[in-house]
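Q: One-letter residues, chain by chain:
Number of protein chains: 2
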Amino acid sequence: MEFLDPATARTWLGTAVAQARAGLEEGGIPVGAALYGADGTLLGRGRNRRVQDGDPSMHAETAAFRAAGRQRSYRGTTMVTTLSPCWYCSGLVRQFGISRVVIGEAVTFHGGHDWLAEHGVEIVLLDDPECAELMRNFIRHHPDLWNEDIGE
Amino acid sequence: MEFLDPATARTWLGTAVAQARAGLEEGGIPVGAALYGADGTLLGRGRNRRVQDGDPSMHAETAAFRAAGRQRSYRGTTMVTTLSPCWYCSGLVRQFGISRVVIGEAVTFHGGHDWLAEHGVEIVLLDDPECAELMRNFIRHHPDLWNEDIGE
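The listed protein sequences derive, respectively, from chains A and B.
With UniProt numbering, the residue at position 59 of the first sequence is 59, and numbering never jumps.
With UniProt numbering, the residue at position 128 of the second sequence is 128, and numbering never jumps.
Just to be clear, a hint being listed does not mean it is correct.
The following label-pair restraints were derived from C-beta to C-beta distances [stated by the list, open to error]:
| id | chain 1 | residue 1 | chain 2 | residue 2 | range |
| --- | --- | --- | --- | --- | --- |
| 1 | B | Asp144 | A | Val124 | 28 to 34 Å |
| 2 | A | His119 | B | Glu122 | 21 to 27 Å |
| 3 | A | Pro143 | B | Glu133 | 46 to 52 Å |
| 4 | A | Arg75 | B | Gly76 | 36 to 42 Å |
| 5 | B | Ser99 | A | Ile123 | 26 to 32 Å |
| 6 | A | Gly69 | B | His142 | 14 to 20 Å |
| 7 | A | Ser73 | B | Ser99 | 32 to 38 Å |
| 8 | A | Leu4 | B | Gly27 | 35 to 41 Å |
| 9 | B | Gly97 | A | Arg140 | 19 to 25 Å |
| 10 | B | Ala117 | A | Glu118 | 17 to 23 Å |
Rather than coming from a laboratory, the hints here were simulated on the basis of the structure.
Where a beta carbon is used, it is the ideal one built from N, C-alpha and C, also for glycine.
Please take these sequences and the hints and turn them into a complete structure.
A: Structural data, given as structure tokens:
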């Protein structure tokens, strides 16, 4: 797969952050994601919709995957997410053969990205302070909602 | 967790099989699932909706999980599925702490249920010939659709 230059990774993360912020304004859990094609086309983007739609199945990554519609192959695609993907979303990445995951931060929650790396997925961890601050604030004010979203 | 008696397991599998058959009649991929509560209440059921809704995120298990709506805890719940859960759906089970998975068959597709067993999920594999026949026929007639659904 082609090398992902840091500037592109940051731009793509911006798409996911915008989704997370839109979710926060709606009263939702501020995690956002976007799926980019091998050629850099934005295929889909989305945000956690537990609160907005009462839908526990729509994590940010699954929402972005859904928004991209049916695809014959995910080879060369990149899932960009503001937060380390949970097991549910990591399973999505592995099953469908998404090639790369760009992660805003893994400080407030450490999901399955090490497991994905072990199984050949390229992981780009950006350690972004804006993403971490978004989650830290949210978890502080809504611990019950956050725990519900990760099944704890 | 309470012991699941074989008759109940078969009855619950029947709920999932009915979903799979309904999906087949709609022209969809014949995998069905149901989520049962710790007290045996049916919380939600669903079927693969890739073809019907053009939605790649709705595997049978995720559809049943979604239909159950927001739950504070999945402790003691059972996911019943006609087919061994793929990594995406296995990740769902692990993340949300679903306690048990009842599986119709794992012959036509072997997903992540061994991994779930390693992580403390109770696995009940029924080796049901009806479930296997449903999938075998479907895969024979629609190999491309099936490969698309599992990202192959």
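Q: So, against the hints stated earlier in the document, which numbers end up violated here?
A: The structure conflicts with no hint, since it agrees with every one listed earlier.
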